[in-house]
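Colleague: Here are the chains, one letter per residue:
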Amino acid sequence: MASSNSLMDSLFQRSLEDLIKGLRLGESTFISRSLEEIRREIKLTDLSTKSVALQKLSYLAALHGVDMAWAAFHAVEVVSSSRFAHKRIGYHAIAQSFSDQTPVMLLITNQLRKDLNSSNEHEVSLALECLARIGTDDLARDLTSEVFTLLGSSKALVRKKAIGVVLRVFDKYPDAVKVCFKRLVENLESSDPQLLSAVVGVFCELTAKDPRSYLPLAPEFYKILVDSRNNWVLIKVLKIFAKLASIEPRLAKKVADPVCEHMRKQNVGKSLLFECIRTVFSSLSDQETALKLAVAKIREFLVDDDPNLKYLGLHALSIVAPKHLWAVLENKEAVVKAMSDEDPNVKLEALHLLMAMVNEDNVTEISRILMNYALKSDPLFCNEIICSVLLPCSRNSYEIIVDFDWYLSLLGEMARVPHCQRGKEIEHQLIDIGTRVKDARLELVRVSRALLIDPALLGNQFLYPILSAAAWASGEYVEFSKSPYEIAEALLQPRTCLLPDSIRAIYIHSAFKVLVFSLGAYFSAQQPTSPPLAQESTSSGHSMVNGFTYNSISSLVNMIELGLCSLSGTIDVEVQERAKNILGFIGMIKHEIAEKATSQNSETEGHRAIAFMEDVFSEELGPVSSTAQEKVPLPEGLELNENLEGLQEICREVLEPMAESDYSSDKVSFSVAKLRIRDQEEASSSLPPPLESSSLLAEHRKRHGLYYLSSQKSEDHNDREGNDNNTSNEYPPANEISVDSFKPKKKISKPRPVVVKLDEGDEPKRKPDASSSNDESLSRAIQTALMGKGKGKEKEKEIVKENHEMNVDTENIEQSSRREKKNKKNGERSSKRSSRRQRGKEASVTKPVEVPDLLL
Amino acid sequence: RSEKRTQKALEGKMGIRFILMVNKQGQTRLAQYYEWLTLEQRRALEGEIVRKCLARNDQQCSFVEHRNYKIVYRRYASLFFMVGVDDDENELAILEFIHLLVETMDKHFGNVCELDIMFHLEKAHFMLEEMVMNGCIVETSKANILSPIQLMDKAH
Numbered sequence: 001m002a003s004s005n006s007l008m009d010s011l012f013q014r015s016l017e018d019l020i021k022g023l024r025l026g027e028s029t030f031i032s033r034s035l036e037e038i039r040r041e042i043k044l045t046d047l048s049t050k051s052v053a054l055q056k057l058s059y060l061a062a063l064h065g066v067d068m069a070w071a072a073f074h075a076v077e078v079v080s081s082s083r084f085a086h087k088r089i090g091y092h093a094i095a096q097s098f099s100d101q102t103p104v105m106l107l108i109t110n111q112l113r114k115d116l117n118s119s120n121e122h123e124v125s126l127a128l129e130c131l132a133r134i135g136t137d138d139l140a141r142d143l144t145s146e147v148f149t150l151l152g153s154s155k156a157l158v159r160k161k162a163i164g165v166v167l168r169v170f171d172k173y174p175d176a177v178k179v180c181f182k183r184l185v186e187n188l189e190s191s192d193p194q195l196l197s198a199v200v201g202v203f204c205e206l207t208a209k210d211p212r213s214y215l216p217l218a219p220e221f222y223k224i225l226v227d228s229r230n231n232w233v234l235i236k237v238l239k240i241f242a243k244l245a246s247i248e249p250r251l252a253k254k255v256a257d258p259v260c261e262h263m264r265k266q267n268v269g270k271s272l273l274f275e276c277i278r279t280v281f282s283s284l285s286d287q288e289t290a291l292k293l294a295v296a297k298i299r300e301f302l303v304d305d306d307p308n309l310k311y312l313g314l315h316a317l318s319i320v321a322p323k324h325l326w327a328v329l330e331n332k333e334a335v336v337k338a339m340s341d342e343d344p345n346v347k348l349e350a351l352h353l354l355m356a357m358v359n360e361d362n363v364t365e366i367s368r369i370l371m372n373y374a375l376k377s378d379p380l381f382c383n384e385i386i387c388s389v390l391l392p393c394s395r396n397s398y399e400i401i402v403d404f405d406w407y408l409s410l411l412g413e414m415a416r417v418p419h420c421q422r423g424k425e426i427e428h429q430l431i432d433i434g435t436r437v438k439d440a441r442l443e444l445v446r447v448s449r450a451l452l453i454d455p456a457l458l459g460n461q462f463l464y465p466i467l468s469a470a471a472w473a474s475g476e477y478v479e480f481s482k483s484p485y486e487i488a489e490a491l492l493q494p495r496t497c498l499l500p501d502s503i504r505a506i507y508i509h510s511a512f513k514v515l516v517f518s519l520g521a522y523f524s525a526q527q528p529t530s531p532p533l534a535q536e537s538t539s540s541g542h543s544m545v546n547g548f549t550y551n552s553i554s555s556l557v558n559m560i561e562l563g564l565c566s567l568s569g570t571i572d573v574e575v576q577e578r579a580k581n582i583l584g585f586i587g588m589i590k591h592e593i594a595e596k597a598t599s600q601n602s603e604t605e606g607h608r609a610i611a612f613m614e615d616v617f618s619e620e621l622g623p624v625s626s627t628a629q630e631k632v633p634l635p636e637g638l639e640l641n642e643n644l645e646g647l648q649e650i651c652r653e654v655l656e657p658m659a660e661s662d663y664s665s666d667k668v669s670f671s672v673a674k675l676r677i678r679d680q681e682e683a684s685s686s687l688p689p690p691l692e693s694s695s696l697l698a699e700h701r702k703r704h705g706l707y708y709l710s711s712q713k714s715e716d717h718n719d720r721e722g723n724d725n726n727t728s729n730e731y732p733p734a735n736e737i738s739v740d741s742f743k744p745k746k747k748i749s750k751p752r753p754v755v756v757k758l759d760e761g762d763e764p765k766r767k768p769d770a771s772s773s774n775d776e777s778l779s780r781a782i783q784t785a786l787m788g789k790g791k792g793k794e795k796e797k798e799i800v801k802e803n804h805e806m807n808v809d810t811e812n813i814e815q816s817s818r819r820e821k822k823n824k825k826n827g828e829r830s831s832k833r834s835s836r837r838q839r840g841k842e843a844s845v846t847k848p849v850e851v852p853d854l855l856l
Numbered sequence: 001r002s003e004k005r006t007q008k009a010l011e012g013k014m015g016i017r018f019i020l021m022v023n024k025q026g027q028t029r030l031a032q033y034y035e036w037l038t039l040e041q042r043r044a045l046e047g048e049i050v051r052k053c054l055a056r057n058d059q060q061c062s063f064v065e066h067r068n069y070k071i072v073y074r075r076y077a078s079l080f081f082m083v084g085v086d087d088d089e090n091e092l093a094i095l096e097f098i099h100l101l102v103e104t105m106d107k108h109f110g111n112v113c114e115l116d117i118m119f120h121l122e123k124a125h126f127m128l129e130e131m132v133m134n135g136c137i138v139e140t141s142k143a144n145i146l147s148p149i150q151l152m153d154k155a156h
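Top line first, the protein sequences correspond to chains A and B. Following UniProt numbering, the numbering of the first sequence begins with 1 at its first residue and continues without gaps. Following UniProt numbering, the numbering of the second sequence begins with 1 at its first residue and continues without gaps.
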């Protein structure tokens with residue numbers, strides 16, 4: 001059917017216009033039908049038909065998401081036509097659809113070369129456009145000489161486009177620099193504004209990637225900065241100087257004056273003015289006059305009604321905020337006013353500026369203002385506010401916080417903000433403060449209690465991380481709480497069934513800690529020789545529970561037992577296991593409690609059992625340095641690089657004992673220790689001394705891998721003594737005052753609590769960006785080009801050797817020196833001009849600008 | 001995922017990344033990319049950006065942040081002109097560029113409207129190609145931009 005109608009089809013081929021009209025009618029199958037037609041038409045030999053088909057296909061691909069990669073070969077065919085209209089269509093299709101993966105890419109090299117050498121400037125410009133869009137390494141390499149020729153073309157249109165394509169060619173094939181750079185620089189001196197605009201644009205991009213290489217060209221740029229009247233050009237030159245001045249401070253001084261001149265002009269365009277301000281803020285901020293002038297001008301932006309100017313004004317202020325906060329403070333009212341602006345972008349900028357102004361003295365005030373805003377805002381902005389309060393406050397181990405009690409209550413308040421979705425960060429900070437700031441633990445427990453006893457919060461899934469932190473803190477620091485019974489009750493309330501199982505497990509475990517603590521208090525209260533723990537807790541002051549009576553302790557135990565017995569049959573293994581552990585423990589201890597009430601026997605089994613448990617929880621958990629893992633010495637004979645796939649088989653059959661390592665380490669240690677106690681209980685009546693539990697813990701740690709890592713000392717310490725000296729090395733215990741954590745405060749009544757910091761750093765290291773080898777070879781090429789071909793070969797070799805020392809790419813250098821020789825032959829025509837220019841450049845270079853060592 | 005890949009594709013490049021013309025119903029009328037993206041990446045990108053811009057009103061500023069670059073947009077009647085640029089670019093200059101583009105098209109088509117762009121897409125592309133190469137603005141004079149096109153029209 002298809003072949004017999006081909007003649008008819010080519011006579012009545014739908015044009016692009018017909019296609020568009022058809023599309024507008026909106027039939028659903030129109031596109032697929034048209035595609036079929038196109039597939040037929042494009043295979044015909046007649047170039048006109050083919051090109052119209054290609055044109056329609058390009059349209060569909062661009063606007064309706066149709067794939068056109070299959071037509072790549074046809075595009076090449078169309079481009080080979082001698083008619084300009086066809087070429088136009090072909091090149092457009094190529095530019096739109098070709099990529100590095102296109103297989104027929106090789107076929108167009110010759111076509112491009114032909115068109116680049118054409119006498120018709122429009123054909124040339126088509127080819128240049130195409131090369132700019134799709135240029136690959138190979139194309140760039142093969143066509144460099146053509147581009148070189150065109151850079152010197154007499155026709156401005158062609159030259160301009162050749163300049164435009166240079167960026168791509170340099171990027172893909174750095175050796176092209178050897179050939180083309182000189183001409184590129186020549187164009188900087190051109191008086192033709194068209195060319196200047198293009199050249200400056202190219203240099204702007206090049207400088208942004210690698211400023212140092214273009215420093216020698218500063219005098220040329222300076223001339224343009226002073227002379228040009230074209231805003232576009234000036235903006236680009238300013239950007240160039242922004243990059244150059246940040247690496248060469250003397251340049252900043254020189255450039256400040258012309259920049260101020262531009263700013264002071266009467267009818268300066270807003271875009272130019274903004275660029276001047278931005279340049280001053282980012283790179284010339286040391287120049288006082290310029291800075292003051294820029295700040296004065298930015299105020300005009302801030303108070304303008306145009307939202308664009310307001311936004312940009314705030315944005316510019318945020319650039320200068322880190323080094324010159326006074327500029328922001330001067331404009332404080334405008335910033336605060338912008339917080340209630342209609343435009344969310346403006347509000348966001350204002351928020352960031354507000355937080356930049358925060359310091360120790362005003363953190364409470366600003367946080368108060370921001371929390372008020374948060375309550376009134378939409379969820380997105382509300383969370384932005386919360387996030388931007390959390391971040392600076394926690395920076396550098398809570399540097400700006402003096403009053404931790406207030407901060408903890410603020411965190412608790414955040415949890416109650418209706419739209420709060422920042423549970424994770426708040427959770428992290430609550431736990432972090434708990435481990436680092438000993439004096440704040442009382443307040444932490446108070447805040448946690450408030451969060452735990454409120455049943456309404458259990459319905460909000462965003463708060464679960466916070467609740468988990470609150471539960472953990474309540475258990476870990478139970479000695480600070482006023483009423484452990486209340487805590488335990490809150491932890492086991494019926495509504496906790498809404499919690500996910502992982503958090504439920506934490507709740508249960510904390511309840512266990514509360515139970516152990518209470519039992520310890522109960523048992524020790526009636527001891528003539530009270531163990532040290534009870535004494536410690538009472539000596540820390542704050543309204544401790546004095547002791548439990550038989551009634552109170554048994555009601556606590558009963559309550560816990562009641563709350564947990566329903567869980568002993570749950571599906572989740574974690575929850576079930578923990579519940580069962582506690583229930584087992586309670587079962588064991590229950591009659592001891594009753595015995596306690598009646599007898600005065602000091603050394604009961606129950607007492608010993610309780611003492612073990614207390615020891616289990618007696619270790620204080622502290623922060624671990626992020627680099628601690630790296631400090632672990634690799635044990636002998638451990639092959640880390642081996643593939644562990646072989647274990648898959650084994651693990652699939654056996655129920656995962658490996659999974660245990662995922663659980664929190666202290667839970668594992670607890671259950672193992674507990675089991676051993678139980679075993680021993682069952683096995684014999686004589687009980688091991690209390691010290692054993694710690695040694696069990698230590699042994700377990702040794703076996704399962706440390707979670708407190710020693711810096712140099714290895715595990716052998718653990719076998720020698722059963723006690724916990726293995727944890728003494730990695731982080732300073734909370735009592736120690738580290739040098740940087742204590743700051744003397746003037747007007748605060750309460751001294752700032754000690755915050756534990758880790759010397760090795762607390763934040764994870766950020767990996768440095770790997771620079772691509774292409775960029776390096778490009779900058780080397782530029783540097784060699786600028787050093788001039790006029791100098792002798794020895795100098796070149798010297799410099800080349802120097803470069804070689806810096807980089808390892810020998811091949812490239814050989815290539816480039818070969819190219820040098822070749823170009824010495826080719827460049828004879830303009831050698832006189834170039835050497836004159838070279839001398840001129842050197843002279844001007846040595847005066848105002850500090851020349852990098854390579855040039856001398 | 002695909003977002004990351006798009007991000008990677010657009011990383012490290014400077015200047016103008018893409019130019020879009022989209023109408024209020026979300027239909028793309030012109031799409032010019034200065035970096036290679038696959039079809040799905042383009043569609044996803046266009047969809048997200050259009051949604052963001054359409055959600056804003058006229059009292060809000062013309063700049064939207066998207067991933068690691070900025071979108072500068074302006075609405076002319078029923079058509080949104082959106083230019084994606086990297087963080088370093090001067091936003092006001094890009095706004096002026098958009099206006100220049102519209103004025104150029106206006107000069108050529110005479111009271112340009114959406115239909116003109118639809119039916120003469122290649123002319124619009126041609127104008128853009130004169131103005132921007134490799135993501136850099138290389139020509140800002142209306143006369144210079146239009147002269148090749150006028151020559152071509154005469155030749156036909």
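Treat the hints as calculated values from the structure; they're not laboratory data. This structure is a prediction, so every number in the text was calculated from the model and none was measured. One thing to keep in mind: the hints can contain errors.
As the list claims (entries may be wrong) - What follows is a set of in silico ranges between Cβ atoms, one per label pair, in the way DEER data are often shown:
#1 B:Glu-65 <-> A:Arg-416: 26 to 36 Å
#2 A:Lys-43 <-> B:Asn-57: 44 to 54 Å
#3 B:Gln-27 <-> A:Arg-250: 49 to 59 Å
#4 B:Phe-109 <-> A:Ile-31: 21 to 31 Å
Ideal Cβ positions, reconstructed from N, Cα and C, are used throughout, including at glycine.
Colleague: Which numbered conditions among the earlier hints are violated in the structure presented, ordered from lowest to highest?
Modeller: Hint check: nothing fails, all pass.
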